[in-house]
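Asks: Sequence:
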Amino acid sequence: MNDLYTQAMTVFLGFFAIMNPIANTAVFAGLVGDKTRAEQVKIAAKALVITFCVILCFSVLGKAIFQLFGITLSALRVTGGILVFLVGYHMLNGQGSKLHSSESHDDSDVAVSPLAVPLLAGPGTIATAMNYSSSGEMSGILITIFVFALLCFITFFCFIFSANILKVIGKAGLSIVTRLMGLILAVIGTQMIIIGVTAVANGLA
Numbered sequence: 000m001n002d003l004y005t006q007a008m009t010v011f012l013g014f015f016a017i018m019n020p021i022a023n024t025a026v027f028a029g030l031v032g033d034k035t036r037a038e039q040v041k042i043a044a045k046a047l048v049i050t051f052c053v054i055l056c057f058s059v060l061g062k063a064i065f066q067l068f069g070i071t072l073s074a075l076r077v078t079g080g081i082l083v084f085l086v087g088y089h090m091l092n093g094q095g096s097k098l099h100s101s102e103s104h105d106d107s108d109v110a111v112s113p114l115a116v117p118l119l120a121g122p123g124t125i126a127t128a129m130n131y132s133s134s135g136e137m138s139g140i141l142i143t144i145f146v147f148a149l150l151c152f153i154t155f156f157c158f159i160f161s162a163n164i165l166k167v168i169g170k171a172g173l174s175i176v177t178r179l180m181g182l183i184l185a186v187i188g189t190q191m192i193i194i195g196v197t198a199v200a201n202g203l204a
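Numbered according to numbering that gives the first Met the number 0, the sequence shown spans residues 0 to 204.
Derived by calculation from the structure, the hints in this document are not laboratory data. Quick reminder that beta carbons are idealized off the backbone N, C-alpha and C, glycines included. Do not rely on the hints blindly, as some may be mistaken.
[Stated by the list, open to error] Here are the simulated DSS-like pairs of lysine-lysine, each with C-alpha atoms no more than 25 Å apart in a straight line:
no., residue 1, residue 2
1, 34, 45
2, 166, 41
3, 166, 45
4, 166, 34
[To be verified] Here are the in silico distance ranges between beta carbons for each label pair:
no., residue 1, residue 2, range
5, 70, 190, 16 to 22 Å
6, 179, 37, 21 to 27 Å
7, 62, 15, 21 to 27 Å
8, 156, 70, 30 to 36 Å
9, 21, 172, 14 to 20 Å
10, 40, 130, 31 to 37 Å
11, 78, 156, 29 to 35 Å
12, 193, 41, 33 to 39 Å
13, 167, 111, 25 to 31 Å
14, 130, 196, 20 to 26 Å
15, 48, 12, 20 to 26 Å
16, 62, 9, 18 to 24 Å
Work out the full structure, taking the sequences as your base and the hints as a guide.
Replies: Written out as structure tokens, the structure is:
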């Protein structure tokens, strides 16, 4: 029992560090702070459901998926990094990305990208899930899935209560938050690209 508890805590702390719900709550506020509470709840729920489904798939079929399509984690990092950087660049300039502009047919598109993928279910989260469930034992897979579901639940409530913060800071504050989060997203995207390119370079060395 102690071993299971220790394993569960290790998985939780690992996912928490990679997924970083506190920082992503600020990003969520910057992305959808101008929407109604009902829309924010819808977007948060959709983003977390998609995130959980993605991690569930990679926890169970991760290695098979990568082998089937002949892709690498480095390629995923570079692609995800470019996407995050572009979204951050638009936010930094006070412009709405097509990924989450009002011109989109579905305002909840932002829930799919960039929130669910690659911010929440990014390369780091996917790699962590694959690592924890790679033993092949059912207990390892179940603990990974259960712990990640718990973290998604916690993140959902963090997102929901971000609206309270927005009521305090107002539109001017939201504009500042949007630009700051855009800078952070751009840096995160750049870092993802650097890690991916470095991994490829080391592999070719």
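Asks: Work down the list of hints and note, for each, if the structure agrees.
Replies: Right, here's what the structure says about each hint:
no. : hint                   : result
1   : 34 to 45               : 15 Å, holds
2   : 166 to 41              : 19 Å, holds
3   : 166 to 45              : 23 Å, holds
4   : 166 to 34              : 12 Å, holds
5   : 70 to 190: 16 to 22 Å  : 20 Å, holds
6   : 179 to 37: 21 to 27 Å  : 26 Å, holds
7   : 62 to 15: 21 to 27 Å   : 24 Å, holds
8   : 156 to 70: 30 to 36 Å  : 34 Å, holds
9   : 21 to 172: 14 to 20 Å  : 18 Å, holds
10  : 40 to 130: 31 to 37 Å  : 32 Å, holds
11  : 78 to 156: 29 to 35 Å  : 30 Å, holds
12  : 193 to 41: 33 to 39 Å  : 34 Å, holds
13  : 167 to 111: 25 to 31 Å : 29 Å, holds
14  : 130 to 196: 20 to 26 Å : 21 Å, holds
15  : 48 to 12: 20 to 26 Å   : 23 Å, holds
16  : 62 to 9: 18 to 24 Å    : 21 Å, holds
Hint compliance for this structure: every hint is met.
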